[in-house]
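S.K.: So you can see what is in the structure, the chains are spelled out below.
Protein chains: 2
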Amino acid sequence: MNAEIIAVGSELLLGQIANTNAQFISRNLAEIGVNVFYHTTVGDNPERLEKAIKHAQTRVDTIIFSGGLGPTKDDLTKETIAKVLGLNLIEDELALVRIRDYFKKVNRAMTDNNRKQAHVLEGSTVFPNDNGMAPGMSVTVDQITYLLLPGPPKEMKPMFDSYVRPFLLNQLHEQTVITSKILHFFGIGEAQLETELEDLIDKQTNPTIAPLASDGEVVIRLTAKAETVENAQALMVETEKEIFARVGDYFYGYDDTSLFHELVKLLKDRSITVASAESLTGGFFGESLTNEKGASTVFSGGMITYSNEAKMNLLGVEESTLIQHGAVSEETAREMAQKVRERYQSNIGISFTGVAGPAEQEGKPVGTVFIGLADAHLTEVHALTLAGSRHSIRLRSVKYGAYYLLKKLLG
Amino acid sequence: MNAEIIAVGSELLLGQIANTNAQFISRNLAEIGVNVFYHTTVGDNPERLEKAIKHAQTRVDTIIFSGGLGPTKDDLTKETIAKVLGLNLIEDELALVRIRDYFKKVNRAMTDNNRKQAHVLEGSTVFPNDNGMAPGMSVTVDQITYLLLPGPPKEMKPMFDSYVRPFLLNQLHEQTVITSKILHFFGIGEAQLETELEDLIDKQTNPTIAPLASDGEVVIRLTAKAETVENAQALMVETEKEIFARVGDYFYGYDDTSLFHELVKLLKDRSITVASAESLTGGFFGESLTNEKGASTVFSGGMITYSNEAKMNLLGVEESTLIQHGAVSEETAREMAQKVRERYQSNIGISFTGVAGPAEQEGKPVGTVFIGLADAHLTEVHALTLAGSRHSIRLRSVKYGAYYLLKKLLG
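As they're listed, the protein sequences go chains A and B.
Residues 1 to 411, numbered by this note's numbering, are exactly what the first sequence covers, in order.
Residues 412 to 822, numbered by this note's numbering, are exactly what the second sequence covers, in order.
The reader is advised that the hints may include incorrect statements.
[Stated by the list, open to error] Using 20 Å as the maximum straight-line C-alpha spacing, the simulated EDC-like pairs for lysine to aspartate or glutamate come out as follows:
#: 1; chain 1: A; residue 1: Lys105; chain 2: B; residue 2: Glu771
#: 2; chain 1: B; residue 1: Lys636; chain 2: A; residue 2: Glu11
#: 3; chain 1: B; residue 1: Lys592; chain 2: A; residue 2: Asp269
#: 4; chain 1: A; residue 1: Lys105; chain 2: B; residue 2: Glu628
#: 5; chain 1: A; residue 1: Lys293; chain 2: A; residue 2: Asp269
#: 6; chain 1: B; residue 1: Lys592; chain 2: B; residue 2: Asp666
#: 7; chain 1: A; residue 1: Lys116; chain 2: B; residue 2: Asp613
#: 8; chain 1: A; residue 1: Lys116; chain 2: B; residue 2: Glu607
#: 9; chain 1: A; residue 1: Lys73; chain 2: B; residue 2: Glu601
#: 10; chain 1: B; residue 1: Lys462; chain 2: A; residue 2: Asp61
#: 11; chain 1: A; residue 1: Lys73; chain 2: B; residue 2: Asp613
#: 12; chain 1: A; residue 1: Lys154; chain 2: B; residue 2: Glu628
#: 13; chain 1: A; residue 1: Lys157; chain 2: B; residue 2: Asp626
#: 14; chain 1: A; residue 1: Lys105; chain 2: B; residue 2: Glu504
#: 15; chain 1: B; residue 1: Lys704; chain 2: A; residue 2: Glu47
#: 16; chain 1: B; residue 1: Lys484; chain 2: A; residue 2: Asp202
#: 17; chain 1: B; residue 1: Lys775; chain 2: A; residue 2: Asp61
#: 18; chain 1: A; residue 1: Lys51; chain 2: B; residue 2: Glu791
#: 19; chain 1: A; residue 1: Lys268; chain 2: B; residue 2: Glu720
#: 20; chain 1: A; residue 1: Lys105; chain 2: B; residue 2: Glu609
#: 21; chain 1: A; residue 1: Lys73; chain 2: B; residue 2: Glu609
#: 22; chain 1: A; residue 1: Lys83; chain 2: A; residue 2: Glu50
#: 23; chain 1: B; residue 1: Lys614; chain 2: A; residue 2: Glu362
#: 24; chain 1: A; residue 1: Lys116; chain 2: B; residue 2: Glu601
#: 25; chain 1: A; residue 1: Lys154; chain 2: A; residue 2: Asp130
#: 26; chain 1: B; residue 1: Lys819; chain 2: B; residue 2: Asp660
#: 27; chain 1: A; residue 1: Lys116; chain 2: B; residue 2: Asp610
#: 28; chain 1: B; residue 1: Lys515; chain 2: B; residue 2: Glu504
[What the hints assert, rightly or not] Label pairs and their computed distance ranges (CB to CB):
#: 29; chain 1: A; residue 1: Glu342; chain 2: B; residue 2: Val648; range: 15 to 21 Å
#: 30; chain 1: A; residue 1: Leu410; chain 2: B; residue 2: Glu791; range: 45 to 51 Å
#: 31; chain 1: A; residue 1: Gly411; chain 2: B; residue 2: Leu677; range: 44 to 50 Å
Since the hints were derived computationally from the structure, they do not count as laboratory data.
Note that this is a predicted model, so its numbers are computed, not measured.
In this text, a Cβ means the ideal position worked out from N, Cα and C, and glycines have one as well.
Chain A extracted, bound-state conformation:
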């Protein structure tokens, strides 16, 4: 299977957005053993799109389109492919029901141009869109497979994971299985992790070991090839042991997870409740925790005490502490964690105070952060010095908070 990805959208050619869809699809295709030979981007221009399709037909056997399935006049991917292949567009009952339901749910009138989104190529396999209206589809004509996906990443990515990936694996009819496993690390930089594992990364070919950094975290993707899933997984076990022997202290979870996902799971398992007192993070910790389903059973709530007045009057931090040590201090973090724990009658209190920038505060430089963790017996405070933008300092603060809390719970 040799593929070309054709992204359709003038916003790409104008440079308004980057073609992250091509990256996502390519990475996923590489994992299941599909070669990607070309990426092409064309604007919302049916003549040029038609030429791009005809050219792709001469060089690959799988053409994956992203974008141009929406309700507006600009959206012409389906119509152009239908023309090139001499296929009709027919209304898909199920897709239409989903679109009607959507409008009923949001209590808005369905305009006529939305109906266009329920049209699919005749004879195609239709992929439901669980996060939007335009369905995806696949049709094979003259040994070439045409796969149409919506443009918005938040619709395309889940559709790919749930429907397209299994569909392609089925089509591959191959005995080689490629399996991947992702290991998540926190508290170690990419360069340091790579230095620790350098010889392993260099000598390994099956599984391969690929470190990747993003948002203050590092993941390692192990990818093994074998005749069965079991054999591929067995190959990974040995490599994993070696990795854990060196950097296991920083490991926190496998595959599709996150620090907050692991944290909520663990809190639920142990029936432990948490309350938060946030200063520099302004609600970011609470937001991240409650973004996880079922957080209500473990999150008692929180206080966002941005000002000293709120720290004193609402949370109950002593005025003397603020005067003597300042709002950005170990002592204030300690009291904030203890007080919010009492206020919300929860098992654990967590607090964040620090300087997110752009300017220094109380003579403390940007990036100074204190995180407090209090239970009934003990209060610990972690001091951090973080570099980066305001957003990055806030993001890594809440991640460190989740990480310290996880480590505390795991002993």
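Chain A is already provided as a structure; the job is to place chain B on it using the hints.
M.R.: Chain B only, in chain A's frame:
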């Protein structure tokens, strides 16, 4: 000038990185009036690169390459272009001096393969690389211009700004300027907005009107072409008036802005303080507000009252209200907004209560949201029915909160 951007690099086809170079180059070309018709990505494969070059020659007059100028065996862009055009590669004195200087500076021995980077296409204009070793270059053969740029963004971008942009402007021999303006809307769907503006979008050619949706918002990009910036802007004014007459109610800002950016700016201008009481959004509103610089002067703080206990004990919502109407109700939203305003002694209180999902709550369906806004005289409550994922419901809730608050302040 009609251009195609050819990115060269297997790491792009494997999805290891996104093609942000194409975005950067496209945005810059749009600004100076060069049409970009296609993006193409090929791997480090000379046969496929050769075919891509020959195909591009049939459809554009300017081909811009990024990547493949480095020292390794994989880097074959120059060599392949030289072959296709029948040109020799010659050593560029200045480039060689710069490479030698670089190695002297970092105190490392210069290996032979680095010398390859000083080779340029005969007859080309050479662009110095101020942030790396491989120079860029441009050569015109048979009326087609070939422009070669290095792959690493930190080398390519400054080279483009310093040398390529002036070079292209010179080549254009034209007085045409292209100017863009972005209008931000909230509270209206992309399809509805397009329906309202359909005739305008269809008949307009200068400026063009392009709607684009993301994260529950819609932006319209106006792009005008004229002999001077002033004339281009004048062309946009008339179109803008027409757009505002139809959908001006949903407009909130220009160009690089966001709802929260506008909100913090307005609150600061008027010296108005806000406090938040958040249930389903769990701190998301506070996080979004404090993500803006200088929010500390207008955000008194907030309470995250996820549970009924916290709503009663910490915020002061009446037990009878929760029993009679439930936590997800207009009445609870009203009291939450009023109480948090009192607690934090701020000018305005804003509250969020609702069902983010995945399960319904108190018999109210997922997506039911109430947003309260209280000042000293009046409390208003907005009821919403939102569709989508848990994240999307929470995100749009806080955006609606910011939007209602903006509208309240603007009268």
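S.K.: Each hint: holds or not?
M.R.: Status of each hint after checking the structure:
{"no.": "1", "hint": "Lys105/A / Glu771/B", "in the structure": "holds, 14 Å"}
{"no.": "2", "hint": "Lys636/B / Glu11/A", "in the structure": "holds, 17 Å"}
{"no.": "3", "hint": "Lys592/B / Asp269/A", "in the structure": "violated, 52 Å"}
{"no.": "4", "hint": "Lys105/A / Glu628/B", "in the structure": "holds, 18 Å"}
{"no.": "5", "hint": "Lys293/A / Asp269/A", "in the structure": "holds, 14 Å"}
{"no.": "6", "hint": "Lys592/B / Asp666/B", "in the structure": "holds, 6 Å"}
{"no.": "7", "hint": "Lys116/A / Asp613/B", "in the structure": "holds, 18 Å"}
{"no.": "8", "hint": "Lys116/A / Glu607/B", "in the structure": "holds, 17 Å"}
{"no.": "9", "hint": "Lys73/A / Glu601/B", "in the structure": "holds, 12 Å"}
{"no.": "10", "hint": "Lys462/B / Asp61/A", "in the structure": "holds, 17 Å"}
{"no.": "11", "hint": "Lys73/A / Asp613/B", "in the structure": "holds, 9 Å"}
{"no.": "12", "hint": "Lys154/A / Glu628/B", "in the structure": "holds, 14 Å"}
{"no.": "13", "hint": "Lys157/A / Asp626/B", "in the structure": "holds, 15 Å"}
{"no.": "14", "hint": "Lys105/A / Glu504/B", "in the structure": "violated, 68 Å"}
{"no.": "15", "hint": "Lys704/B / Glu47/A", "in the structure": "violated, 47 Å"}
{"no.": "16", "hint": "Lys484/B / Asp202/A", "in the structure": "holds, 19 Å"}
{"no.": "17", "hint": "Lys775/B / Asp61/A", "in the structure": "violated, 49 Å"}
{"no.": "18", "hint": "Lys51/A / Glu791/B", "in the structure": "violated, 56 Å"}
{"no.": "19", "hint": "Lys268/A / Glu720/B", "in the structure": "holds, 19 Å"}
{"no.": "20", "hint": "Lys105/A / Glu609/B", "in the structure": "violated, 25 Å"}
{"no.": "21", "hint": "Lys73/A / Glu609/B", "in the structure": "holds, 9 Å"}
{"no.": "22", "hint": "Lys83/A / Glu50/A", "in the structure": "holds, 9 Å"}
{"no.": "23", "hint": "Lys614/B / Glu362/A", "in the structure": "violated, 58 Å"}
{"no.": "24", "hint": "Lys116/A / Glu601/B", "in the structure": "holds, 14 Å"}
{"no.": "25", "hint": "Lys154/A / Asp130/A", "in the structure": "holds, 10 Å"}
{"no.": "26", "hint": "Lys819/B / Asp660/B", "in the structure": "holds, 13 Å"}
{"no.": "27", "hint": "Lys116/A / Asp610/B", "in the structure": "holds, 19 Å"}
{"no.": "28", "hint": "Lys515/B / Glu504/B", "in the structure": "holds, 17 Å"}
{"no.": "29", "hint": "Glu342/A / Val648/B: 15 to 21 Å", "in the structure": "violated, 59 Å"}
{"no.": "30", "hint": "Leu410/A / Glu791/B: 45 to 51 Å", "in the structure": "holds, 47 Å"}
{"no.": "31", "hint": "Gly411/A / Leu677/B: 44 to 50 Å", "in the structure": "holds, 49 Å"}
The earlier numbered hints that this structure contradicts are 3, 14, 15, 17, 18, 20, 23 and 29.
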